[in-house]
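**Student:** Sequence:
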Amino acid sequence: MEKQTATLPVVNAHAAGIDIGSREHWVAVDQDKENVKAFGVYTQDHQHLIDHLRKYSITSVAMESTGSYWQTLFNALQKAGFDVLLVGGSQTKNVHGRKTDIIDCLWIQRLHSLGLLSGSFLLSDTLQELRTYYYHRQHLIEQQATYTHKMQKALRLMNIRLDVAIRDITGKSGLAIIEAILAGNRDPYALASLVDIRMKKSKEEIAQSLQGWWRQELLFELGAALDFYKLYQKALLECDKIIEQALRRCEPTESVSTPSESVWSCYI
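The sequence shown begins at 1 in this note's numbering and counts up one residue at a time.
Think of the hints as simulated: they come from the structure by calculation, not from any bench.
Watch out, some of these pointers could steer you wrong.
Claimed, not checked - Pairs of lysine to any residue residues, derived as SDA-like cross-links and limited to a Cα-Cα distance of at most 20 Å, are as follows: (1) Lys33 <-> Gly67; (2) Lys150 <-> Lys79; (3) Lys79 <-> Tyr42.
Unchecked claim - Listed next, with one range per pair, are the computed distances between beta-carbon atoms: (4) Tyr189 <-> His136: 48 to 54 Å; (5) His136 <-> Lys172: 31 to 37 Å; (6) Lys172 <-> Tyr134: 24 to 30 Å; (7) Leu157 <-> Glu129: 54 to 60 Å; (8) Arg156 <-> Val41: 46 to 52 Å.
By construction, the Cβ of each residue, glycine as well, lies at the ideal position given by its N, Cα and C atoms.
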């Protein structure tokens, strides 16, 4: 008795599979290895890849979400009018034997043509824009914190314990004292007078925390750290303005009944 093999019907007759790489992308337009072709990662290479797909009447493309290398090609293919499916590696990992770029793209093409791949969730253009801003904002905050720690360390090594007397050395009072120190003021009581009158600690205690041993190299480091802190503070304010503008574009054009449907409507 002959063994019968079940075959799956082709769902996407004009499907291509792309194996994404950091320096080149391998494209399979069918199951013929002779038709597999590699393309570079430059913008011109993307256009050549698009022309290649059109030559074979491809309408739908599946690609693996490898790092962030897929993003520019994904956008280029979408703008060119292709139906693009981004799939996770877990869906395409069952390739037996030695893995190669040619085998990978052929396997992706095969799975896609049989309709066995499901696309990953992708954010809208607006949310992708906001996510980029928020990631950049987080980076700015982390860098700013780095230079806050450097200022604290420089002061502490001179036994200027501003961090003990004042909770936040980057507040209005703390920055005023640091700038006065860098301007040459060494009088602890004159420095203490720069503290906000609402501060809980007495001027006497604050003055005591500002008596230390002044070292030129640490004062230099303190000034450099302050400059970088201000630089990141300025960048952070500019980033906040950009984010606010992006959020305003998400607001509905018509009035809504509940506040929850206003700015955050872009997340729906």
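**Student:** Is 24 to 30 Å a correct range for the gap between the Cβ atoms of Lys172 and Tyr134?
**Tutor:** The hint (24 to 30 Å, Cβ to Cβ) holds, given that Lys172 and Tyr134 are roughly 27 Å apart.
**Student:** Do the beta carbons of Leu157 and Glu129 sit within 54 to 60 Å of each other?
**Tutor:** 43 Å, violated
**Student:** Does the structure keep Lys33 and Gly67 at a Cα separation of 20 Å or less?
**Tutor:** Judged against 20 Å, a Cα distance of about 26 Å means the pair is violated.
**Student:** CB of His136 to CB of Lys172, is that within 31 to 37 Å?
**Tutor:** 26 Å, violated
**Student:** Between Lys79 and Tyr42, is the straight-line Cα distance small enough, at 20 Å or below?
**Tutor:** Within the cut-off at roughly 16 Å; holds.
**Student:** Evaluate the given range 46 to 52 Å for the C-beta pair formed by Arg156 and Val41.
**Tutor:** Taking Cβ atoms as reference, Arg156 and Val41 lie about 48 Å apart, which means the hint holds.
**Student:** Taking 20 Å as the top limit, are the C-alpha atoms of Lys150 and Lys79 close enough?
**Tutor:** Given that 20 Å is the threshold and the Cα spacing comes to 47 Å, the pair is violated.
**Student:** Starting from the range 48 to 54 Å, see whether the pair Tyr189 and His136 falls in it by beta-carbon distance.
**Tutor:** 43 Å, violated
Checked against the numbered hints listed earlier, the structure breaks hints 1, 2, 4, 5, 7; every other hint is satisfied.
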